Amino acid sequence: MGNVMSASFAPECTELKKQYDNCFNEWYSEKFLKGKSIENECSKQWNAYTTCVDANLIKQGIKPALDEARQEAPFERGGAQSPQDS
Amino acid sequence: MKLFQNSCDFEYPWEQVTAANWKKYPNAISTHVIAVDVLRRELIDDGNKLVSERLITIKQGVPRWIMMMVGGSNVSHVREVSTVDLNTKTLTLKSCNLTYSNILRVFETVKYSPHPEDPVNRTLFEQEAQITAYAAITKICNKMEEWSVQRFHDNAMKGKKGFESVLEVVSEHWRQREHYVDDLGNSLVNKVEDLKATAEDMMQGTEKTSSYIFSRNYNIFKAAFKQGET
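Residue numbers (numbering that gives the first Met the number 0), protein chains in the order written: chain A, 0 to 85; chain B, 0 to 229.
These aren't lab readings, by the way, just hints derived from the structure by calculation. Check the hints yourself; a few may be wrong.
[To be verified] Below, computed lysine-lysine pairings styled on DSSO-like, alpha-carbon distance capped at 27 Å:
(1) Lys17(A) x Lys22(B)
(2) Lys58(B) x Lys58(A)
(3) Lys43(A) x Lys62(A)
(4) Lys157(B) x Lys1(B)
(5) Lys30(A) x Lys88(B)
(6) Lys110(B) x Lys43(A)
(7) Lys17(A) x Lys1(B)
(8) Lys58(B) x Lys23(B)
(9) Lys93(B) x Lys48(B)
(10) Lys1(B) x Lys48(B)
(11) Lys62(A) x Lys160(B)
(12) Lys23(B) x Lys35(A)
(13) Lys62(A) x Lys88(B)
(14) Lys30(A) x Lys93(B)
(15) Lys88(B) x Lys48(B)
(16) Lys58(A) x Lys93(B)
(17) Lys33(A) x Lys110(B)
(18) Lys157(B) x Lys30(A)
(19) Lys35(A) x Lys88(B)
(20) Lys23(B) x Lys33(A)
(21) Lys1(B) x Lys142(B)
(22) Lys88(B) x Lys58(B)
(23) Lys22(B) x Lys58(B)
(24) Lys110(B) x Lys22(B)
(25) Lys62(A) x Lys23(B)
(26) Lys23(B) x Lys88(B)
(27) Lys23(B) x Lys30(A)
(28) Lys35(A) x Lys17(A)
(29) Lys157(B) x Lys142(B)
(30) Lys48(B) x Lys23(B)
(31) Lys30(A) x Lys22(B)
(32) Lys17(A) x Lys93(B)
(33) Lys17(A) x Lys142(B)
(34) Lys30(A) x Lys43(A)
(35) Lys22(B) x Lys93(B)
(36) Lys17(A) x Lys62(A)
[To be verified] Label pairs and their calculated CB-CB ranges:
(37) Asn20(B) x Glu38(A): 17 to 25 Å
(38) Leu65(A) x Asn20(B): 18 to 26 Å
(39) Glu38(A) x Asn101(B): 38 to 46 Å
(40) Ala27(B) x Glu38(A): 33 to 41 Å
Predicted model, so just to flag it, every value in this text is computed and none were measured. Glycine included, C-beta positions come from ideal geometry on N, C-alpha and C.
Between the sequences and the hints, there should be enough to build the whole structure, so can you do that?
In structure tokens form, the structure reads like this:
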């Protein structure tokens, strides 16, 4: 589609992110939406990209706030706030 | 706490809208979003549900006094967890700000679903935001005052230390070289003028570290007294 992909918050991860995004977007439209996939693909690109991201979350000091938010609104709850908070 | 609600339609099928959601940024309108990263992504329920955690990085003009108060960066982060559910045909995005969260918390929920009136061709967008400010205005004022006082104090200390280090050097050399003073001539007078200017500079430019000031002025003195000796 010639779309410009978004950058990563860490410039050194942007290239890895683009590679992952390309793979993911293809998988999403061609397989996931059509109900043809029972596997989260693109794991090779994913591993390279998230390794870079995880290191930079720590380096840039984002991790503590992120961990707090994760506790408050867990991934497992789809990002909904935990009941004790409300 | 304040609640914000909004809804609108998109003239595209739900599937297309959800695919476009991953490519939403960059776009020409939302230039404040400078980066989007996926932190975690899992396919569950036999491939019918895709859950993603993303980090959205935003750069925007925050009022300067807010920036001063919260630590001085205009880059902020939002965490978002989204779920694409093929069974219910919904894409739900739940997000909350990570930055400034001790002052203001915005919990946003966005839902995309096939439009009830035209499920095949149109998509309904529903948005809700819970906005909670934790700081009362007096608290913000106190915080600003505290910050300002502390900052002023720190800078003043730096200025004093810097100037003191200079004075130390001056008086030391002064004691040693008292008898030369009269012979120093114009060049020293000039250097002293330089020093005065630097000292004034120092009193104003409070960010300079004492060691920097010291070394800077130390050289001026060294040069001045060398000239005095010869």
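Structure-based check of all given hints:
1. Lys17(A) x Lys22(B): At roughly 11 Å apart (the allowed maximum being 27 Å), lysine 22(B) and lysine 17(A) satisfy the hint.
2. Lys58(B) x Lys58(A): holds (19 Å)
3. Lys43(A) x Lys62(A): holds (24 Å)
4. Lys157(B) x Lys1(B): Judged against 27 Å, a Cα distance of about 44 Å means the pair is violated.
5. Lys30(A) x Lys88(B): holds (16 Å)
6. Lys110(B) x Lys43(A): Given pair lysine 110(B), lysine 43(A) is violated - Cα atoms ~31 Å apart, limit 27 Å.
7. Lys17(A) x Lys1(B): Distance of about 38 Å is beyond 27 Å: violated.
8. Lys58(B) x Lys23(B): Holds - the C-alpha atoms of lysine 23(B) and lysine 58(B) are around 16 Å apart, at most 27 Å.
9. Lys93(B) x Lys48(B): Within the cut-off at roughly 15 Å; holds.
10. Lys1(B) x Lys48(B): violated (31 Å)
11. Lys62(A) x Lys160(B): violated (37 Å)
12. Lys23(B) x Lys35(A): holds (24 Å)
13. Lys62(A) x Lys88(B): violated (33 Å)
14. Lys30(A) x Lys93(B): Status holds; Cα separation ~24 Å.
15. Lys88(B) x Lys48(B): OK: lysine 88(B) and lysine 48(B) at ~10 Å, within 27 Å.
16. Lys58(A) x Lys93(B): Given pair lysine 58(A), lysine 93(B) holds - Cα atoms ~26 Å apart, limit 27 Å.
17. Lys33(A) x Lys110(B): holds (20 Å)
18. Lys157(B) x Lys30(A): violated (63 Å)
19. Lys35(A) x Lys88(B): holds (16 Å)
20. Lys23(B) x Lys33(A): holds (21 Å)
21. Lys1(B) x Lys142(B): Between lysine 1(B) and lysine 142(B) the Cα gap is close to 23 Å, so the pair holds against 27 Å.
22. Lys88(B) x Lys58(B): Between lysine 88(B) and lysine 58(B) the Cα gap is close to 33 Å, so the pair fails against 27 Å, i.e. violated.
23. Lys22(B) x Lys58(B): holds (19 Å)
24. Lys110(B) x Lys22(B): At roughly 17 Å apart (the allowed maximum being 27 Å), lysine 22(B) and lysine 110(B) satisfy the hint.
25. Lys62(A) x Lys23(B): The given pair, whose Cα atoms are some 25 Å apart, holds under the 27 Å limit.
26. Lys23(B) x Lys88(B): holds (19 Å)
27. Lys23(B) x Lys30(A): holds (20 Å)
28. Lys35(A) x Lys17(A): holds (24 Å)
29. Lys157(B) x Lys142(B): holds (22 Å)
30. Lys48(B) x Lys23(B): holds (20 Å)
31. Lys30(A) x Lys22(B): Holds, at roughly 17 Å.
32. Lys17(A) x Lys93(B): holds (24 Å)
33. Lys17(A) x Lys142(B): The hint is violated at about 42 Å.
34. Lys30(A) x Lys43(A): holds (18 Å)
35. Lys22(B) x Lys93(B): holds (17 Å)
36. Lys17(A) x Lys62(A): holds (22 Å)
37. Asn20(B) x Glu38(A): 17 to 25 Å: The hint (17 to 25 Å, Cβ to Cβ) holds, given that asparagine 20(B) and glutamate 38(A) are roughly 21 Å apart.
38. Leu65(A) x Asn20(B): 18 to 26 Å: holds (21 Å)
39. Glu38(A) x Asn101(B): 38 to 46 Å: holds (41 Å)
40. Ala27(B) x Glu38(A): 33 to 41 Å: Holds - the Cβ-Cβ distance for alanine 27(B) and glutamate 38(A), about 35 Å, lies within 33 to 41 Å.
Checked against the numbered hints given earlier, the structure breaks hints 4, 6, 7, 10, 11, 13, 18, 22, 33 and satisfies all the rest.
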